[in-house]
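Undergrad: Got chain A; can you put chains B, C, D, E and F on it based on the hints?
Number of protein chains: 6
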Amino acid sequence: MLLHLSTWQEVETYLQTSQGIILPIGSTEQHGPTGLIGTDAICAEVIARGVGEATQAIVGPTINVGMALHHTAFPGSISLRPSTLIQVIRDYITCLAKAGFSKFYFINGHGGNIATLKAAFSETYAHLEDLQLAHAAKVQCEIANWFMCSSVYKLAHELYGDQEGSHATPSEVAVTQYVYPEAIKSVLISPTAPAGHKIYSANDFRQRYPDGRMGSNPALATPEHGKQFYDLAVEELTKGYLAFLSQE
Amino acid sequence: MLLHLSTWQEVETYLQTSQGIILPIGSTEQHGPTGLIGTDAICAEVIARGVGEATQAIVGPTINVGMALHHTAFPGSISLRPSTLIQVIRDYITCLAKAGFSKFYFINGHGGNIATLKAAFSETYAHLEDLQLAHAAKVQCEIANWFMCSSVYKLAHELYGDQEGSHATPSEVAVTQYVYPEAIKSVLISPTAPAGHKIYSANDFRQRYPDGRMGSNPALATPEHGKQFYDLAVEELTKGYLAFLSQE
Amino acid sequence: MLLHLSTWQEVETYLQTSQGIILPIGSTEQHGPTGLIGTDAICAEVIARGVGEATQAIVGPTINVGMALHHTAFPGSISLRPSTLIQVIRDYITCLAKAGFSKFYFINGHGGNIATLKAAFSETYAHLEDLQLAHAAKVQCEIANWFMCSSVYKLAHELYGDQEGSHATPSEVAVTQYVYPEAIKSVLISPTAPAGHKIYSANDFRQRYPDGRMGSNPALATPEHGKQFYDLAVEELTKGYLAFLSQE
Amino acid sequence: MLLHLSTWQEVETYLQTSQGIILPIGSTEQHGPTGLIGTDAICAEVIARGVGEATQAIVGPTINVGMALHHTAFPGSISLRPSTLIQVIRDYITCLAKAGFSKFYFINGHGGNIATLKAAFSETYAHLEDLQLAHAAKVQCEIANWFMCSSVYKLAHELYGDQEGSHATPSEVAVTQYVYPEAIKSVLISPTAPAGHKIYSANDFRQRYPDGRMGSNPALATPEHGKQFYDLAVEELTKGYLAFLSQE
Amino acid sequence: MLLHLSTWQEVETYLQTSQGIILPIGSTEQHGPTGLIGTDAICAEVIARGVGEATQAIVGPTINVGMALHHTAFPGSISLRPSTLIQVIRDYITCLAKAGFSKFYFINGHGGNIATLKAAFSETYAHLEDLQLAHAAKVQCEIANWFMCSSVYKLAHELYGDQEGSHATPSEVAVTQYVYPEAIKSVLISPTAPAGHKIYSANDFRQRYPDGRMGSNPALATPEHGKQFYDLAVEELTKGYLAFLSQE
Amino acid sequence: MLLHLSTWQEVETYLQTSQGIILPIGSTEQHGPTGLIGTDAICAEVIARGVGEATQAIVGPTINVGMALHHTAFPGSISLRPSTLIQVIRDYITCLAKAGFSKFYFINGHGGNIATLKAAFSETYAHLEDLQLAHAAKVQCEIANWFMCSSVYKLAHELYGDQEGSHATPSEVAVTQYVYPEAIKSVLISPTAPAGHKIYSANDFRQRYPDGRMGSNPALATPEHGKQFYDLAVEELTKGYLAFLSQE
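One line per chain: the protein sequences are A, B, C, D, E and F, in this order.
The numbering of the first sequence is the working numbering, which starts it at 20 and goes up by one.
The numbering of the second sequence is the working numbering, which starts it at 20 and goes up by one.
The numbering of the third sequence is the working numbering, which starts it at 20 and goes up by one.
The numbering of the fourth sequence is the working numbering, which starts it at 20 and goes up by one.
The numbering of the fifth sequence is the working numbering, which starts it at 20 and goes up by one.
The numbering of the sixth sequence is the working numbering, which starts it at 20 and goes up by one.
Next comes chain A alone, as it looks inside the complex (with noise of 0.2 Å):
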């Protein structure tokens, strides 16, 4: 059930059922010659309502844009700064708690979000209880990284070794392929890239990834790797959603 496509009312009608929603959350920022800008939209958006058919939870809106500063001295790259992004999360939980949703699972495609996101979080709850909302105590919100999932994780292993990298990876370029098979692109690239350096400002990290890759090449990828890489992480996630509702 996407939330999207549904009416004011067949929320208020999921409500008495479920509190739970699943909110996929990626970024705009580039991901090498060959990755889609979009990727971690894409992947999150995708896995998302994966997950959300086969639990029938409602999934919102895909927070397309995320906290991507490092990516910022490549052009096409958007970002907000964690102090705005805080304040996004805190109004999206804040206004879906006010209406009874409780069980906030982010769907998350990006790895820059996960610190910024957590920081939301202790933040939101803390307003929340500020706020004297009844059920204040009871709002949980829980990331899920589709790339970090074990099985996600084994098979980029088996498929790609140490070239999986950790930033245009195949894995990730292949759940766009096998999305957007017409988005990709055919441009030639070095089989290796740097790897190893931490990141730091948006000037250092284009220095040391002069073309926006971190060790990967993403060359490999294949829609049909991508479609194994969504079931699997749809199920895991499915899993994951579950006991995160039934978790008291």
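Bear in mind the hints are in silico, worked out from the structure with no lab data behind them.
Please note that a few of the clues may not be correct.
[As the list claims (entries may be wrong)] Restraint-style ranges between C-beta atoms, simulated for each label pair: (1) A/D149 <-> E/G180: 23 to 33 Å; (2) B/D181 <-> C/S205: 48 to 58 Å; (3) D/L261 <-> E/R227: 40 to 50 Å; (4) B/A262 <-> D/A202: 48 to 58 Å; (5) C/L261 <-> D/A202: 54 to 64 Å; (6) F/I203 <-> A/E31: 53 to 63 Å; (7) E/K217 <-> F/T32: 26 to 36 Å; (8) A/Q75 <-> B/Y172: 33 to 43 Å; (9) C/N222 <-> B/E31: 22 to 32 Å; (10) B/D181 <-> F/H216: 52 to 62 Å; (11) E/E243 <-> D/E243: 55 to 65 Å; (12) F/H154 <-> E/D181: 39 to 49 Å.
Glycine is no exception: its CB is placed at the ideal position from the N, C-alpha and C atoms.
TA: Frame of chain A; chains B, C, D, E and F shown alone:
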């Protein structure tokens, strides 16, 4: 050209010939008993993509959640506070302006966004000058409300007369029916709804407009109408975007 | 009844029969070579006081500085950022609403304030509901732009035609001449000024409108005209305020 | 020279010979059963204008609402939060400093503003250096509290002794009587009022000072006294402003 | 009783008999060629602990970094902006007030903190009332500046006369020598330093006070003096704290 | 070299050979019935000083209060909101980076700080680039969690097995016993405590973990263990800091 389906190098190439970008912005809010919660985002996105195709412009990620605080007494509505939305817009434009964009064309699907967007533009122009961005004085933002296109307005009047109303209108519902025919809701609603009250707080809104509509009869909408509105809006906003681009 | 000339006990008594308050809001910004920097505040204040006398309403302190970032490349202009003005308005209304006021009628002298004021109202309604103020759902804010009164607009058209322009207009200059005849400036200016450009950044504005006027010929203004505009605005906004008060 | 009665070109000319500006700041807050809610703004404004006349300095718009949170349990009081007032002051000074002003002389009518003003100055100096404003290191702000002028203090002591008190004082009430004789209130009040409690929250303040006065007997005030206080304050602050201007 | 060496259950027990807490606040800023960067925090902390021992009061964690923007042109200085420090103080007091504390006694070692602390208290009182904290109206904050104790002031005058100065004073240096004799610096400095300039921006400060001292001769300090100052401050602030506690 | 025991001239000299600084950050929060409220700050501080001695690095003032909102239902806990802590960290780093520091090594004693610290670093890198600080792209921040040192982890496992738990752990309690043997608490506690629940709001936390411990048995701690943990952490983080410094 969709930003999320592009690579950063494609964006770099694009910037050599154009500094314009189209940003769809909608809302996630109740649209009466039959209107989709995502109506405003759906309409803005589809029309923005139509304009993007017609003009070869880059279309950025859809801002799905806008300023809809007055709808938040209905479940499923999500809103940013104006002060949050201002920071979001500032962050988007700052990232893109640093990369070289200077013409920001917001195709908007929600009247409630207009005031905050305008405020955000003012805040951002000043911010860019404070950053001493070389082309700060050339950055221009424009709001294009598809529902206020004269051709759209005229057709809505011809088809629906007074029953167009001002929220959950048959015209916007028609566009969503054209885009998502599978999500057409078959709920019986009375042909009339309260109208004429101004908008204040969320609780006040719900008291005045119990089912969420403002004077509209969305039962009149058809997918065929939606196609007509879509075509008109794309045509008119294509001209609007080109005029905006060519304006000094 | 002027708030600043009243005691708190008089306000307490007033609140037993009315919960309305008029708040003049202007701007401190360049108004061309002959217009006063305080034009917008002067007009808003004098008209607000006229309406206050006619309706026995309390008139609050004039907000002299508004959202005029686009004028700040001209010396003497002062502006709040929109995000600051939102907090200012929120603070004003919150204090007054806690004391029992619920009808806030902003008599506005500056077009550039409108968007931010609307954003501020939305932010404030939600804030008052968060504070669980008993009458939060009854709080209503309205913007009354004296220069958009139909009677004012009609007279300006009759007197000045196209030379009314849209900034540093003869109509607003006339009102200031009526109020401060001693401050009439005798500077020769060309009868025409650039017009038709949209408003973006401060530096861009000054480039397009080198002497600050937007298509206006304020040399046409006279104190007598000013009196006429004043009378019309007071009459029309008096009705407006009373209608606002009586509205549920 | 009043900023609001000047043109931007007059300001431009002024800046060639002086970079100083006087900014009156008051408050909108209860002043006991007979004191005007606008007392602090009225006094600051009239004295600032007197000093402006004596020194040919530009006098900016009066900041009518300051930091008076502790008075907000009395109806009619309006306060900014300190964090809001800091942003307001930052915005004022930034606009004026960019235009070339560097000496900001705040003539203040309200003790409750002092701490926040000082905090705002610190915040602003750092902000201007961050903006790399050429003359950032020359920007200087000073608070001149008219009620703390030694000549004023001496006269108040001579005229009223202990009955001067510390809020809704006969001296400030006298100044308002001199400026607005038509607004003199003839309410009987006891000659004594509670005194000596420190200031904490708004509700605590109202409990301790039920009619709003702090140890004062404003019934002693006369318009003639007001004239004396006005003259003394203008004389002393004129010297103060000139010393401030000439200080390196 | 030191908060950081206590358990939450000990705090719970403590709250049954006292709602007071002592919070030392200092600064991390240059103190001339021989003064320690931590001078203000060191003095505040040691004196606060002395007062805590004498009164059985809980002493909270030392706020090491305060408002010292004007010292930041000297390396090693760290400052919060006033707007940040206000939020910090608000967060501290809110947490502690929710737990039951109501008397907050800030023992302060840095003049530059005073204005922002006072602003923060006002902001916080209003915040607690907004939170509808049951005992919001009983929450009281007080600043106790050890260096302004009359006994301290008197001794400093006796020992150093004019050479006490106003920053990097021998009295505060003496206290740090008493606490950290191993950190006494043997740098030759001239007996005089510039004095009498007001404080504006960081760069201006460093120009006026090239070695960081303001009119002081810290070479006069001895650890024995430090012990005397310590004893006097503890004695006087012990009385101050007890008076504060017993005050209604 | 402790920053608070240094002069600004010593810092200036230091910067000629190193641009690194160690910043201890802890928390002020409940640590079960026997753990000290200052545990996280105590451990971070003592270990940071050990590392500072071993490496000749400057050690800054301890950030005593961090992000511990989930502990605030226990009296004595103090927390910054994440949005406040981000501003605090931004202010610290900005001051120090302007002075020439570029390597910020945060030795952290509290898991709850990690997410917000990471968010703060991202916010700060972007801020420094906005300020056009010459060496902005060289500024690097790193979090070193002493409790996650592999040697520490290994010893804790050997000594305590599962009874290490995850909050109020015997390992951290042991370090505090080593540092403050006089503050060892002799309260009888059950050897087991609830474990395995995730962390949400403060009220939820206290319900799930009634005495504050998370699966730990701090009764196993001894000062001797504490010495061992201290030695291991200092040794491992000394290497970590040197590696961080030498990293490009």
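Undergrad: Hint by hint, say whether it matches the structure.
TA: Each hint, compared with the structure:
no., hint, result
1, A/D149 <-> E/G180: 23 to 33 Å, "violated (53 Å)"
2, B/D181 <-> C/S205: 48 to 58 Å, "holds (54 Å)"
3, D/L261 <-> E/R227: 40 to 50 Å, "violated (21 Å)"
4, B/A262 <-> D/A202: 48 to 58 Å, "holds (56 Å)"
5, C/L261 <-> D/A202: 54 to 64 Å, "violated (25 Å)"
6, F/I203 <-> A/E31: 53 to 63 Å, "holds (57 Å)"
7, E/K217 <-> F/T32: 26 to 36 Å, "holds (30 Å)"
8, A/Q75 <-> B/Y172: 33 to 43 Å, "holds (40 Å)"
9, C/N222 <-> B/E31: 22 to 32 Å, "holds (27 Å)"
10, B/D181 <-> F/H216: 52 to 62 Å, "holds (57 Å)"
11, E/E243 <-> D/E243: 55 to 65 Å, "holds (59 Å)"
12, F/H154 <-> E/D181: 39 to 49 Å, "holds (42 Å)"
In the structure shown, a violation is registered for the earlier hints numbered 1, 3 and 5, in ascending order.
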